[in-house]
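**Student:** So you can see what is in the structure, the chains are spelled out below.
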Amino acid sequence: MILRFSPRNSSGILDHQVFLEGKASLTTPMRLIENDEGCEIIYTQLQRPGMTEEAFTEVEWVTSDFEALRSMLESRPSNGVVFGDEGYETA
Amino acid sequence: MLHSVVVVVSIARPFAEVHKFCADPVNFGRWNLMPDTPMEPLGGNEYLVDLPQGRRVMRFMPVNNFGVHDYQVYQPGESEGPTRPLRLVRNEAGTDIQMTWFRQPGVSDEQFQSELEWLRSDLLRLKTFLETQAP
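Sequence order for the protein chains is A and B. Residue numbers for the first sequence follow this note's numbering, beginning at 1 and rising by one. Residue numbers for the second sequence follow this note's numbering, beginning at 1001 and rising by one.
The hints are simulated quantities; they were obtained by calculation from the structure and are not laboratory data. A virtual CB, placed ideally from N, CA and C, is assigned to each residue, including glycine. Just so you know, not all the hints are guaranteed correct.
[Said to hold, decoys possible] The following label-pair restraints were derived from C-beta to C-beta distances:
(1) A:T57 <-> B:V1005: 14 to 22 Å
(2) B:E1092 <-> A:F5: 16 to 24 Å
(3) A:F19 <-> B:E1017: 23 to 31 Å
(4) A:N35 <-> B:Q1111: 17 to 25 Å
(5) A:P7 <-> B:L1116: 30 to 38 Å
(6) B:E1078 <-> A:G38: 19 to 27 Å
(7) A:Q47 <-> B:P1076: 29 to 37 Å
(8) B:P1038 <-> A:D65: 41 to 49 Å
[Stated by the list, open to error] To list a few chain A residues with every Cβ distance to chain B over 12 Å, as calculated:
(9) S10
(10) G12
(11) E37
(12) E40
(13) I42
(14) E53
(15) A55
(16) W61
(17) D65
(18) R76
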């Protein structure tokens, strides 16, 4: 499987495209936005052709991934990353 | 952190068309609650506009390729306001508009629900405008 990510940007866009051999690529929109002193991830689940209603509404595997990301980031000390116009820089 | 809700409205127009429309701030004056509202340029990405809540400054994000159209609304004389995140994403031959609405400090449950209703009706007005009248 090949994953292609959006170029680094200051809008918090984290879209990624999944390439599976013999299948059309899938783009998943994802964005990080600031919320006070914290931030939020917005993940868009699209109901692809052929996807059942059940599969579409079953998002537990997505939320558990994000819970893991949240735990990892919240348990680490701040590393002084600065959010600049051209993306992310370590201070 | 603030409580937030993402409101999504699907527009049956191509991404490129919706993105181009939203990229010109002057178009805001064409579809909002008071159609043909003048947008007085203040320089940069700032415009003075009469909104239902009074005269406000709107500052729009510079144009980008990601469909991000964040903006701020604040009182004239102030230097900035809370950012309102707005993004367009491709959805097959159409476009989804996704707007994140934050519950600001001091806003009651009831007031927040009312703000969300305003937002939904605004976005539906934009959808109708783009699907029937634009460009």
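**Student:** Each hint should be assessed against the structure and marked as holding or not.
**Tutor:** Status of the hints after comparison with the structure:
Here the CB-CB span from A:T57 to B:V1005 is close to 18 Å, well matched to the stated 14 to 22 Å. Restraint check, B:E1092 to A:F5: a C-beta distance of roughly 22 Å satisfies the suggested window 16 to 24 Å. The given range of 23 to 31 Å is respected by A:F19 and B:E1017, whose C-beta atoms sit roughly 27 Å from each other. Restraint check, A:N35 to B:Q1111: a C-beta distance of roughly 19 Å satisfies the suggested window 17 to 25 Å.
For A:P7 paired with B:L1116, a C-beta distance near 33 Å keeps the hint of 30 to 38 Å intact. With their beta carbons about 24 Å apart, B:E1078 and A:G38 fall inside the hinted range of 19 to 27 Å. At roughly 44 Å, the beta carbons of A:Q47 and B:P1076 sit outside the given window of 29 to 37 Å. A hinted range of 41 to 49 Å holds for the C-beta pair B:P1038 and A:D65, which are about 47 Å apart.
Not every CB of chain B lies more than 12 Å from the CB of A:S10, the least distance being 9 Å, so the non-interface label is violated. The claim that A:G12 lies off the interface is violated: its Cβ sits roughly 8 Å from the closest Cβ of chain B, which falls inside the 12 Å cut-off. Against chain B, the non-interface label of A:E37 is violated: not every CB pair exceeds 12 Å, the least being about 7 Å. With a cut of 12 Å on Cβ distances, A:E40 falls inside the contact zone with chain B, its closest approach being about 6 Å.
Non-interface status of A:I42 relative to chain B is broken: a Cβ of that chain comes within 12 Å, the nearest being about 6 Å off. Listed as a non-interface residue, A:E53 keeps its Cβ farther than 12 Å from every Cβ of chain B; the least gap is roughly 17 Å. Against the 12 Å criterion, A:A55 stays outside the reach of chain B, whose nearest CB is about 18 Å from its own CB. At the 12 Å boundary, the C-beta of A:W61 stays outside the reach of chain B, the nearest C-beta of that chain being 20 Å off.
Consistency note on A:D65: stated as away from chain B, and its beta-carbon is indeed over 12 Å from all of that chain's, at 18 Å minimum. For A:R76, the non-interface assignment is confirmed: its Cβ lies about 18 Å from the closest Cβ of chain B, beyond the 12 Å cut-off.
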